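K.L.:
The task is simple: from the sequences and hints, build the whole structure.
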Amino acid sequence: MTAIGWFQIILYCAIVVALVKPLGWYMTRVFNGEATFLSPVLRPVERGFYWISGVDERREQHWLTYTVAMLLFHVGGFLIIYGVMRLQAMLPFNPADQAAVAPDLSFNTAVSFLTNTNWQNYGGESTVSYLVQMLGLTHQNFLSAATGIVLAVALIRGFARASVRTIGNFWVDITRCTLYILLPICIVYALFLVSQGMPQTLGPYVDATTVEGAKQTIAVGPVASQVAIKMLGTNGGGFFNANAAHPFENPTALSNFVQMLSIFVIGAALTNVFGRMVGNQRQGWAILAAMGVLFIAGVLVTYWSEANGTTALHALGLTGGNMEGKEVRFGIVASSLFAVITTAASCGAVNAMHDSFTALGGMIPLINMQLGEIIVGGVGAGLYGMLLFVVLAIFVAGLMVGRTPEYVGKKIEAREVKMAMLAILVLPLMYLGWTAVAVVLPSAVASMANAGPHGFTEVLYAFTSATGNNGSAFAGLTGNTFFYNLTLASSMFVGRFFMIVPAMAIAGSLAQKKSVPPSAGTFPTTGGLFVGLVVGVILIIGGLTFFPALALGPIVEQLASNANTLF
Amino acid sequence: MLREIRPAIVLLLLLTAVTGLAYPLAITAIAGVIFPTQAQGSLIEKDGKVIGSALIGQEFKEDKYFHGRPSATLAPDPNDSSKTVSAPYNAANSGGSNLGPTSKALNDRIKEDVEKLKAENPSQPVPIDLVTTSGSGLDPDISPEAALFQVPRVAKARNLPELQVRQLVEANTKGRFAGVLGEPRVNVLALNLALDGASK
Chain A
68 MTAIGWFQII
78 LYCAIVVALV
88 KPLGWYMTRV
98 FNGEATFLSP
108 VLRPVERGFY
118 WISGVDERRE
128 QHWLTYTVAM
138 LLFHVGGFLI
148 IYGVMRLQAM
158 LPFNPADQAA
168 VAPDLSFNTA
178 VSFLTNTNWQ
188 NYGGESTVSY
198 LVQMLGLTHQ
208 NFLSAATGIV
218 LAVALIRGFA
228 RASVRTIGNF
238 WVDITRCTLY
248 ILLPICIVYA
258 LFLVSQGMPQ
268 TLGPYVDATT
278 VEGAKQTIAV
288 GPVASQVAIK
298 MLGTNGGGFF
308 NANAAHPFEN
318 PTALSNFVQM
328 LSIFVIGAAL
338 TNVFGRMVGN
348 QRQGWAILAA
358 MGVLFIAGVL
368 VTYWSEANGT
378 TALHALGLTG
388 GNMEGKEVRF
398 GIVASSLFAV
408 ITTAASCGAV
418 NAMHDSFTAL
428 GGMIPLINMQ
438 LGEIIVGGVG
448 AGLYGMLLFV
458 VLAIFVAGLM
468 VGRTPEYVGK
478 KIEAREVKMA
488 MLAILVLPLM
498 YLGWTAVAVV
508 LPSAVASMAN
518 AGPHGFTEVL
528 YAFTSATGNN
538 GSAFAGLTGN
548 TFFYNLTLAS
558 SMFVGRFFMI
568 VPAMAIAGSL
578 AQKKSVPPSA
588 GTFPTTGGLF
598 VGLVVGVILI
608 IGGLTFFPAL
618 ALGPIVEQLA
628 SNANTLF
Chain B
52 MLREIRPAIV
62 LLLLLTAVTG
72 LAYPLAITAI
82 AGVIFPTQAQ
92 GSLIEKDGKV
102 IGSALIGQEF
112 KEDKYFHGRP
122 SATLAPDPND
132 SSKTVSAPYN
142 AANSGGSNLG
152 PTSKALNDRI
162 KEDVEKLKAE
172 NPSQPVPIDL
182 VTTSGSGLDP
192 DISPEAALFQ
202 VPRVAKARNL
212 PELQVRQLVE
222 ANTKGRFAGV
232 LGEPRVNVLA
242 LNLALDGASK
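Chains A and B supply the protein sequences, listed in that same order. If you read the first sequence in our numbering, its first letter stands for residue 68, the second for the next number, and so on. If you read the second sequence in our numbering, its first letter stands for residue 52, the second for the next number, and so on.
Calculated directly from the structure, the hints in this document are not laboratory data. One or more hints might be untrue.
To be verified - With a cut-off of at most 20 Å between alpha-carbon atoms, the simulated DMTMM-like pairs for lysine to aspartate or glutamate come out as follows:
| no. | chain 1 | residue 1 | chain 2 | residue 2 |
| --- | --- | --- | --- | --- |
| 1 | A | Lys282 | B | Glu113 |
| 2 | B | Lys97 | A | Asp123 |
| 3 | B | Lys97 | A | Glu279 |
| 4 | B | Lys167 | B | Glu110 |
| 5 | B | Lys115 | B | Glu55 |
| 6 | B | Lys207 | A | Glu279 |
As the structure is a prediction and not an experimental result, all values here were calculated from the model.
P.N.:
Have a look at this one:
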């Protein structure tokens, strides 16, 4: 670990925090339907969209209608991706002549992008056409991200409103989110990425004759436009197989730094949107602080472990940390930081191969995902995931003092706690359950690339990543088999929607409640005690759930690694 | 609920057209005008032929060139399309080794490379990046230490004084962005092209 390394980490955190307030202010205006500096241009487009699609922007929806609208929207999205993947051979923008994608792989990919997971069982440049990248994947990068954001906003409205039955209009929210927030940022961002060296072309792959006379086919494509939303929307599905480790997908240290910022910025700003909408920005800062504590702890462990290297490397006289699977332009620190960020948020882009991380260094990304990606988290999903933990923490605090718990003026009662528990328990059910199935099926075991405890970690990581809608991988695992295509798709589906529906139910039930003014007995939710309580509840619930599985994977592997036992 | 069906179809199609077609095509058009070189992939041409991309590593095996990092990229086996074979720096199929820290296969491979490099230059410690594969398998860079490590071999193969080769390495070393971000590095292709230029 070096001083310049720490400086990069501190600089990163400082810039994220500095962006929280301005972006939170802007997003609050967008979702309150107020005018912004872009309104003169975008307002006519927005109204045109409503007119053509028959949306009455003044009519708000009950939580159930809101949720159904969201689900219907996803059915169509699924059909578009599945359709263009199956038919890509007959459609334009296919200069590399990619053949139709197999049904199970198309199904997996469609669910993957729909659920904001962007798990890749396909290699981008070797499997899909430019049309699939744009029409199938780029568009769903926008819409699944927008969906996450608007659901979080709907839940915030549940907390902020009193005695009403509605939580907003899904169609209005998704349109405004896409037009006013995601698109403008992406246009500027994509052009910046091109300036750094990211290709943006519809031309065919380039055939080069190298200096030594060998043939090299260089895959290019409309990369920058997809990468911008891939990072900003915490989607993470790479244009190329190697994702953000690929020099075209992350050309410079600066592009890397900005990509890391763009993963966190919307998720972090949403805590400020929460604070503004419930009428006290300190409520938002308290949530961000709880996230920050967990984040810094994760960065510390991963950076230390990667900089340290392994006993096997030391035995060969090699120093300088674990560079296997990492790029020289990023080095140890930017690779470690990226790994923690991408799994804290549910991004899943990688700029280094997590499979080759040291055992402890790779355990932190795993833990981040198993905690439910609530450390900033996926755009929107992180905030509603965190608010579920807050509901539990408040409930625990209420039990301790024997009062009905309250949070931002709302009484937290049996219905909310049940829904929060349902959402939180369904995640380990999927990733632990399917891992257990996979390790006793010989055909599933055959997909492991590494022997010993590392092979187990690969499988656990895959199901954790899918359930958490992250999409990063211990990529050695051969996921493109019938078994993994279907089981991972089911994990992604359950992990997304079984969290969303309970969260929306909570939103609906909270919105109907009266607002209780704070009294002398109200537990203050803006101070250090509250932050500590939330962090404690997260770690205790998480620890009890998945610690045994970690003991079988990364923990035992670290011990083996220290003793220089190889498999 | 029924009145939600029309927006579910129409609004989806509108937003798909905007984000899936209009946006990427507009970015392609604008980028092609203001950043034409980068948008095409930062290609390097020599005598009218493309010899590679400034951002994509390529394989160097001859002694007279600086070598990049080992690459774990694969290609389909020409004899059996269901299998893959090693194909270093395959820029149409990026990827890493994905071998973990306790992998015997990885450790054996590193050990073999370390021994080869020690035989080549016993006077300096072996730099870690010269014996580990990158995440993409296309890493265009090596660390300045890894470049300096190879100076004696390259100088000998080219009959150039070591000092001159070392100066070329130093001239091609790029520092951190703004002195802070990333790591110092040497682009192998740029260095080798400079070397070819100097030897003429």
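K.L.:
The structure should be examined with respect to each hint, and the outcome stated for every one.
P.N.:
Do the hints match the structure? See the list:
At roughly 16 Å between alpha-carbon atoms, A:Lys282 and B:Glu113 fall within 20 Å of each other, so this suggested pair holds. With a C-alpha separation of about 60 Å, the suggested pair B:Lys97 and A:Asp123 falls outside the 20 Å cut-off, and the hint is violated. The straight-line distance between the Cα atoms of B:Lys97 and A:Glu279 is roughly 13 Å, inside the 20 Å bound, and the hint therefore holds. Between B:Lys167 and B:Glu110, the direct Cα distance comes to roughly 17 Å. Compliance with the 20 Å bound is thereby established for this hinted pair.
As the CA atoms of B:Lys115 and B:Glu55 are separated by approximately 68 Å, the hinted pair breaks the 20 Å bound. At roughly 19 Å between alpha-carbon atoms, B:Lys207 and A:Glu279 fall within 20 Å of each other, so this suggested pair holds.
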